[in-house]
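Given chain A, put chain B in place with the hints provided.
Protein sequence lines correspond, in order, to chains A and B. In terms of the numbering used here, the first sequence opens at residue 77 and continues consecutively. In terms of the numbering used here, the second sequence opens at residue 77 and continues consecutively.
What the hints contain is simulated information worked out from the structure, not anything from laboratory work. If a hint is listed, it holds; no wrong ones were tucked in.
Simulated pairs of lysine-lysine, BS3-like, Cα-Cα distance not exceeding 30 Å:
| id | chain 1 | residue 1 | chain 2 | residue 2 |
| --- | --- | --- | --- | --- |
| 1 | B | 219 | A | 193 |
| 2 | A | 355 | B | 439 |
| 3 | A | 471 | A | 409 |
| 4 | A | 446 | A | 405 |
| 5 | A | 439 | B | 355 |
| 6 | B | 219 | A | 439 |
| 7 | A | 405 | A | 423 |
| 8 | A | 296 | B | 355 |
| 9 | B | 296 | A | 296 |
| 10 | A | 296 | B | 345 |
| 11 | B | 409 | B | 193 |
| 12 | A | 409 | A | 446 |
| 13 | B | 301 | A | 301 |
| 14 | B | 409 | B | 453 |
| 15 | A | 296 | B | 446 |
| 16 | B | 193 | A | 231 |
| 17 | A | 355 | B | 301 |
| 18 | A | 471 | B | 219 |
| 19 | B | 355 | A | 453 |
| 20 | B | 301 | B | 311 |
| 21 | B | 446 | B | 423 |
| 22 | A | 453 | A | 471 |
| 23 | B | 201 | A | 201 |
| 24 | B | 453 | A | 355 |
| 25 | B | 219 | A | 446 |
| 26 | B | 355 | A | 446 |
| 27 | B | 311 | B | 446 |
| 28 | A | 296 | B | 311 |
| 29 | B | 355 | B | 231 |
| 30 | B | 446 | B | 296 |
| 31 | A | 219 | B | 446 |
Non-contacting residues of chain A with respect to chain B, defined by C-beta distances greater than 10 Å in every case (computed):
| id | residue |
| --- | --- |
| 32 | 309 |
| 33 | 314 |
| 34 | 413 |
| 35 | 453 |
Values in this document were obtained by computation on a predicted structure and should not be read as measured data. Ideal placement from N, C-alpha and C gives every residue a C-beta, glycine not left out.
2 protein chains.
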Amino acid sequence: MKKQIMGKGLEGWSLRHLLIVSVALNVCLVLKLGYYERESNLTTEQIFHGFCTEEKLHKQLSQTSSSSSSMAAVVAEKAFNFFNPSTSSSSAIANDVVNDDGRVINLDHGDPTMYEKYWQQAGDKTTVMISGWQSMSYFSDVKNLCWFLEPEFAKEVIRLHNIVGNAVTENRHMVVGTGSTQLFQAALYALSSPGGTEPISVVSSTPYYSFYRQVVEYMKSGLYKWVGDVSNFDKDEPYIELITSPNNPDGVMRQSVVNRSGGIWALVKDEEVAKRMTKFIELSSIGVSKDSQIRAAKILQAVSDSCEHAGDSSNFFEISYHQIEHRWKQLRKAVKESGIFTFAWLKCEEDIEDCENFLRSHKILTRSGKHFGMSLKYVRISMLDRDSNYDLFIKRLSEMSSSRSEE
Amino acid sequence: MKKQIMGKGLEGWSLRHLLIVSVALNVCLVLKLGYYERESNLTTEQIFHGFCTEEKLHKQLSQTSSSSSSMAAVVAEKAFNFFNPSTSSSSAIANDVVNDDGRVINLDHGDPTMYEKYWQQAGDKTTVMISGWQSMSYFSDVKNLCWFLEPEFAKEVIRLHNIVGNAVTENRHMVVGTGSTQLFQAALYALSSPGGTEPISVVSSTPYYSFYRQVVEYMKSGLYKWVGDVSNFDKDEPYIELITSPNNPDGVMRQSVVNRSGGIWALVKDEEVAKRMTKFIELSSIGVSKDSQIRAAKILQAVSDSCEHAGDSSNFFEISYHQIEHRWKQLRKAVKESGIFTFAWLKCEEDIEDCENFLRSHKILTRSGKHFGMSLKYVRISMLDRDSNYDLFIKRLSEMSSSRSEE
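One chain only, chain A, in its complex shape (with noise of 0.2 Å):
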């Protein structure tokens, strides 16, 4: 008895139960992407993105600070200087004029403050007015089984799968949850046995997504263990597979959501594993946020129209997808030049042993292979951050081979 969670490669698995967990906001621009891939000939050789791990936070600050109160405030300070209109305004610019001013660059998580610029100029389009009296009760449509799921945001979710022609809707039960990270603690409850005297194993193949094992375990729940590598496992019992795909971090980015205030759900077939999903979020957090479907709801339509408009100038994957080509291009540039650094997501070659250790003492922070699963030698980097730390993380990255020689 196999159970997976997944995304997409499907093929020649014996499945009890098909969980398609897809990411909504990325669906067009995932698509994109894989074009790009086959374009660019970067198959693997790709960067990705995600949230922070606190081991990272605490390390980050016990070797920057001495008297902050709060781990967070030192990268508040230190990593968050582009919220300064001074330097957050730049945009690309060539990497012989971008000015090192010594910030540290975080790109350990995922925030996707590129899309802040598209969504400013998209203007009124996706505002939302909420008034005090509205969504008071905790039930959005007590009609559903998921009985939070706002139906505003459940139909433009619809919508975009249909448009973008990726997922089968029809015969599916939606559940919203606050987030992946949410949703899939909801698919391990409904995939493991309450009744069970032994928990489930959880598997995934390295690299694995970072944040997998931190929520397998924190709980040190008895529906369920990790096991980590699925070549570890080799017993003859239940057990859940993890397959994220396109993969994170060496596939194409599988990112949480363009804005992510509930903007993540699951479609679900089978309505015994939708029903205890909804009862795993129900216990978690009594629901999802009303004010972010609502929000999410607007943000997807907008996306949707821009997608029926394709020759659009605002399309929104179009100018995504080669704010991203362009980004690309720019990290080839600088790997290249810099002659340290192989892809794959990015691994340091020579001898350095440590690559998130050597990146750091340059002031930029990533997220190293040991959480997922790998050698020190790699590391994730987050490619969606606004444009004026990404440039000068290219500019740094292309001198690094001087700057090292001479240390």
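Chain B only, in chain A's frame:
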């Protein structure tokens, strides 16, 4: 070593950690009810609300429907016809003119729709506008230990506490959660020992809030375990005692939130506890909806404004106080007329062994005492439904004795 999660009534306890989990929007209301309690000599004779248990919904489904595709659908069609404008617009009507259309009245969960009217009349004061490009980052305030706490929300929480004077806010860390359900789990996580070999025991005196047991048990966590009634616990080992004060269900009302959007929070003294609670919420749902925090800030602002103008006819607490006072008068009268109930919360007398079952036969859904660790003779009733349903509930209650003798 004793660890407590509690609201008030700390005197005489030896505490290792003190967590004041307080409900912002109900602060003044609770004080008011406290006064009312003394005036009317009700003491513990009160009836309360909370969230519905799935067992109940399942039971409801199996007994009232054979064709519906989801359990929620039944509740929708039967219990939620107060969404019909023709029924929802009625106000406090004398019992004899309330028309009983046979609807199911669901007083199982504390859905605070009673407050819709007030906020509708308050007009645009609490309307929020959120642009598409806002809150794009995961971070609300990177200088704060709780990095997903919106500064505007934090400010209004402190302001209301200062106006009411019910909590020390200086030298406290604020942790925001998605309702008390998530915060309660964050507190359990923070107070348990991740390295411990045995789970810590969680105890609570009966009647305890019905959700506690489910929430403690659903993950089969190795961090903590449910023991239940404190009188069952005599071991000389660490434990966590849950103290809800005023107690739910048999003390003064503890309601989750007037407008549930992110309005519950915790003030924490110990920095390590605050950090672990923050970590839990990061792992559970990577923070809390920013949209809901922005909205809750606006609503708290309006509540504080109305608190500062005590003579104002729009004072939220004055109005709510009179509304609840009116409902209590109706309830006491109806209970007296029926002759088959006593308060404490609501106890069936005579030969009625299963009070919840008995009331269900009158299409009134309540929560059985068994969920609170008590006898089937008791039920908890939500006082927070819209007027039209509450009035009908009162009418049926008054007539119950006679209708029962006819059965």
